[in-house]
Amino acid sequence: MVLFWVSMRRVLIIFSGLLMLIFVGGFWISGGDAVRSRAIIFCQAGQIHTLDPAGMTWMQDIRAGLALWQGLTQYNPTTLRPIPGVAKNWTLSANGRTYTFHLRRRARWSNGDPVTSANFVFAWKRMLQPATGAGYVEMFFHIAGARAYFDALAKTRGRPRPFSSVGIKTPDLHTLIVHLNAPCPYFLDLMAFPPFFPLNQQSMARFAVRNGASFSYYNLRFTRPPYLVTDGPYRLTAWKFHQYLEFKPNRYFWARSTVHCRELRIVSFSDSLSAFRAYQSGAVDVLSFVPPEFTAALLRQQQAGLRHDVHYRPVFGTYYYIVNCARAPLDNPLIRRALDLAINKKQIVDDVTRLHEKPLTVLVPPGTIPGYHSPHGLAMNVPEARRLMRRAGYPDGRGLRPLKFLTNDTDSMNMLVAQAIAQMWQRNLGVRIRIATEESKAFNQDCVQGNFDIARAGWYGDYMDPTTWLDLFVSGNPNNHSRFTNRQYDQLMERAESKADPARRLALLTDAERLLVDRYMPALPLFQYTDGLMYHAREIGGIRSNVRMITLLQYIHWKHRPHGDTYR
Amino acid sequence: MTRFLISRAAQSVLVICVVYTCTFWLLMAAPGNPFIGVKQPPPAIIHALKVRYGLNNRWHAYWAYPWRVITRGDLGPTISYANWTVLDVIRSSLPISVSLGAMALLIALWLGVGLGMLGALTRGHWPDLALTVGSLLGISVPSFVIGSILLLVFSTYWALLPSGGWGDLAQVILPAGALAVGFLAYIARLTRIGMLDEFSADYVRTARAKGVPPGRVMVGHILPNATLPVLSFLGPAAAALLTGSFVVEKIFAIPGMGEDFVNACLDKDIPLVLGIVMVYTVLLVAFNLLVDIAYVFADPRISLHG
Numbered sequence: 001m002v003l004f005w006v007s008m009r010r011v012l013i014i015f016s017g018l019l020m021l022i023f024v025g026g027f028w029i030s031g032g033d034a035v036r037s038r039a040i041i042f043c044q045a046g047q048i049h050t051l052d053p054a055g056m057t058w059m060q061d062i063r064a065g066l067a068l069w070q071g072l073t074q075y076n077p078t079t080l081r082p083i084p085g086v087a088k089n090w091t092l093s094a095n096g097r098t099y100t101f102h103l104r105r106r107a108r109w110s111n112g113d114p115v116t117s118a119n120f121v122f123a124w125k126r127m128l129q130p131a132t133g134a135g136y137v138e139m140f141f142h143i144a145g146a147r148a149y150f151d152a153l154a155k156t157r158g159r160p161r162p163f164s165s166v167g168i169k170t171p172d173l174h175t176l177i178v179h180l181n182a183p184c185p186y187f188l189d190l191m192a193f194p195p196f197f198p199l200n201q202q203s204m205a206r207f208a209v210r211n212g213a214s215f216s217y218y219n220l221r222f223t224r225p226p227y228l229v230t231d232g233p234y235r236l237t238a239w240k241f242h243q244y245l246e247f248k249p250n251r252y253f254w255a256r257s258t259v260h261c262r263e264l265r266i267v268s269f270s271d272s273l274s275a276f277r278a279y280q281s282g283a284v285d286v287l288s289f290v291p292p293e294f295t296a297a298l299l300r301q302q303q304a305g306l307r308h309d310v311h312y313r314p315v316f317g318t319y320y321y322i323v324n325c326a327r328a329p330l331d332n333p334l335i336r337r338a339l340d341l342a343i344n345k346k347q348i349v350d351d352v353t354r355l356h357e358k359p360l361t362v363l364v365p366p367g368t369i370p371g372y373h374s375p376h377g378l379a380m381n382v383p384e385a386r387r388l389m390r391r392a393g394y395p396d397g398r399g400l401r402p403l404k405f406l407t408n409d410t411d412s413m414n415m416l417v418a419q420a421i422a423q424m425w426q427r428n429l430g431v432r433i434r435i436a437t438e439e440s441k442a443f444n445q446d447c448v449q450g451n452f453d454i455a456r457a458g459w460y461g462d463y464m465d466p467t468t469w470l471d472l473f474v475s476g477n478p479n480n481h482s483r484f485t486n487r488q489y490d491q492l493m494e495r496a497e498s499k500a501d502p503a504r505r506l507a508l509l510t511d512a513e514r515l516l517v518d519r520y521m522p523a524l525p526l527f528q529y530t531d532g533l534m535y536h537a538r539e540i541g542g543i544r545s546n547v548r549m550i551t552l553l554q555y556i557h558w559k560h561r562p563h564g565d566t567y568r
Numbered sequence: 001m002t003r004f005l006i007s008r009a010a011q012s013v014l015v016i017c018v019v020y021t022c023t024f025w026l027l028m029a030a031p032g033n034p035f036i037g038v039k040q041p042p043p044a045i046i047h048a049l050k051v052r053y054g055l056n057n058r059w060h061a062y063w064a065y066p067w068r069v070i071t072r073g074d075l076g077p078t079i080s081y082a083n084w085t086v087l088d089v090i091r092s093s094l095p096i097s098v099s100l101g102a103m104a105l106l107i108a109l110w111l112g113v114g115l116g117m118l119g120a121l122t123r124g125h126w127p128d129l130a131l132t133v134g135s136l137l138g139i140s141v142p143s144f145v146i147g148s149i150l151l152l153v154f155s156t157y158w159a160l161l162p163s164g165g166w167g168d169l170a171q172v173i174l175p176a177g178a179l180a181v182g183f184l185a186y187i188a189r190l191t192r193i194g195m196l197d198e199f200s201a202d203y204v205r206t207a208r209a210k211g212v213p214p215g216r217v218m219v220g221h222i223l224p225n226a227t228l229p230v231l232s233f234l235g236p237a238a239a240a241l242l243t244g245s246f247v248v249e250k251i252f253a254i255p256g257m258g259e260d261f262v263n264a265c266l267d268k269d270i271p272l273v274l275g276i277v278m279v280y281t282v283l284l285v286a287f288n289l290l291v292d293i294a295y296v297f298a299d300p301r302i303s304l305h306g
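From first to last, the protein sequence lines are chains A and B. Each step along the first sequence adds one to the number in our numbering, with nothing skipped, and position 359 is 359. Each step along the second sequence adds one to the number in our numbering, with nothing skipped, and position 27 is 27.
No wet-lab data here; the hints were simulated from the structure. Backbone N, C-alpha and C define an ideal beta-carbon position, used for all residues, glycine too. Misleading hints may appear alongside valid ones.
[Claimed, not checked] To give a feel for the contact side, a few chain B residues facing chain A, derived at Cβ under 7 Å: (1) P31; (2) A48; (3) K50; (4) P95.
So here's chain B without its partners, still in its complex pose:
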């Protein structure tokens, strides 16, 4: 286990370094100068700003940012919101994106597993067919369409829920729902297929032969095995959901990290883009690692020494 963890940690550090390097050089290669607006300041001002952000020398900047993170834990001020540091921005927007994503994932996980079970149990009958069609729609219809439909129905026509913003529990429901639908559909499909595969397995037949009631066979025996693919899907899904969805955040006017990221890219706000990409990378790597560990607990067939 220790050896496994050490090697995975080393791999994770390598991944983070590669992502940082690629992001940095892509940002440097992208056209545009973050310090030139519609009204152009004198060259001395542009130079002074470049010096302040450490961007007057590419190689220097490349090493300076990781060094800053290690020594001060921050990337310094952002370019487009000069009163705020990268850490300030992430600190204010990450909790929003993360809590919204957590709620979306909870909905997706439990509803997805539940609906997947229902589909497997009623295979070939109308609930299963409806679920198959529904999940296909859920996977293929993009979240901004679902978000807009939810808004139209629940906010505009019925006026049950607020149209956007953040700070009130009622404001979480619609965006979390919109964000969850795609993942929910995917989890439902994975669960359904997993369960159908397990139906004919030997241990299921044994359990039935022993006289275990069908309900217990279902929940106690089949479900744990059937949801293993779901578990491996949860890693990337968690990273994707927790770091925010630009589209859903935009539709529901949620001040999350997705919007900051897109704006930072457009403004060529190099420190902020680097900061957000690093947060995303660390989360993605961490969740994948967590899922790998969780797998070991969940499935004794997977050996760490194998």
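Bound conformation, chain A alone:
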């Protein structure tokens, strides 16, 4: 019996000791370093997915990218118009198709190397390799010969074209000449966007992955400290997966004097509630979003003067529904128009989302693009909608099959909006809707494959031009999920593309959008997204409000530190 007891006790003690050991070991490995009080803690809505500029499509990645790199141009923090970046100036040829960029001799990488035109050519060539897997490769197809070069590489058979066939030339280390297929008024805007950032090929050489003898792609470990070399305001000094990224000023940055933040930490939380709690407790200084669960309440408090840290505004994004134009009965534009006319958009933003966003009858948010005049679109008109349904042969919805409405589960609001609109259609037109919710990846795939009648959509503009929306409805565009094809529309878009005069070009684009929102309705616009940040403006400066919610971390700094020198 004594032996027995000793064994049991031993088992329990060994087990507990083991657990203690595991705890101490695990904690020691995973524990973070203390945050110094001078660091600004910037909380993003989601984790960083990649720091490879070629793969950046998420807002949080782009924001970090803009803090680490600088392209030929950079954004003006308020207007977002392109201003000189690595390029100190440029010229545009008379036909609007050739840009000559002159690079700053003072531009330096974070390892001290000069930034040269070869760095741009290297990065752009890499973008055009299908093996790089660049999501935004199509932005490069404005450059002469780029599409043909990419397509030739994408084919498994046939000879690849030489890179010299692409309209990118470097007469010397500080000059870069780019030939375009057609005038592109927002090309300078694109030059500030991550896919066009330069890359430091020397520091990446050791990460080349070879397939047999031939080079195939770069192992993305090159984006992690201490390997990552960047040419922007900050350099990446630490990256603890899932915990934080640490940025410190790049002392070689040519505009070093504009960077006043000595240490910046980028964090994210798995849900907005924990993020908000951390912000409220002072563990986070800036929230790059307003928690959707509390937005309405926070805005009310702000209006009542109880708080001053909610910075909220309409942004360059549209919440809309796409209609599958390739599938009966919605291939009939009359029904699509009737659906649009029967939605009370004001009621959606007042009673369903309750954030009082701006209801939209057009796709491009009005007033966001200088010089662009939005068409009118359709105002709610139920009698007219019912008349259109009769004309289409479905009086009071009789004879119409139930329509499949597809939404994703990223935001609980999507479902509420869908239910409210389904009810309006049922009541006003007798149209029955079957709502299906899917997780994002399945939803995206079903949108691509056209497994829907009507689907939720949201789009944030990538550059300040109407085409960032209007291209979505051009025949053959892979993002044209509504499968809308219209010759008149395609011709208008083509004519606009070849116009060198910006005003006439924008007028043609207005005509094109009018076709979409007055007549053919491949999409039903609902409202303009609103978005915001939370921070105390008396503590933190340098955050400029702009319509694309691009917070340029370059300018962020402490105005007044409330915590003194205490550690948090």
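Given the structure of chain A, go ahead and fit chain B onto it with the hints provided.
The following block gives chain B in isolation, referenced to the frame of chain A:
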């Protein structure tokens, strides 16, 4: 013993193979394409990415992943966090989940056994009744409710402890507590029932008749036998706790493996899901094996040859 170990090891390998196969084919059958986001890249890009991740051919991929693990010890890069390999992700999140789980299990084990003893000793009186009700609540109330209550009381109202995060010892207390409660309650019940069963056993009567003091009978004689069911519960409990709880990690903003797992499933990040499922499986199998061995030491009635 050797024969026992060999046969159990073979069974474990079989279990791991079956789990891998099921996970792989379920992932392949699930709808959605990991390479399509809101903005759809051209087909050539999607194809190139599939080739890079070895997903362009299902059968090839099925064999490629185990082969990679054997030859390189890794599943390659994840899809949704392309800068990090599956090994990187597990290496960064597993220690967190494991140390949090170890602390939770320590709390659950010692408090659970202690409270179970207390309940057995005061059978029928108010401490026992309170414990019975309390443990019932502890088992049935989900950890996210307990976590939220702990947060509300200790972080929001009294501001004694931080609301979340990882890296500081104070940040461990609340999540470990929230994670422990359910297991603690279960262990307390097991101990209490075990002890009550042993009270009337012959060897207890003998010990008492020999004049062994009641305290020593309790701790020295009854407890070792009474905690045997606890021991068998510890195997699965350890595996469950050490691999992380998505809910508790989410509430307390802890960057552990539970969250990575759920995100990986939603993103259809096939290599990462496979990696985490394999870690979970190996831990579960290993802990069950350990418990089986521990049983042999703890209870001579269990024979390996029987």
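Status of each hint after checking the structure:
1. P31: Cβ of P31 (chain B) sits 4 Å from chain A, so the hint holds.
2. A48: holds, 4 Å
3. K50: violated, 9 Å
4. P95: holds, 4 Å
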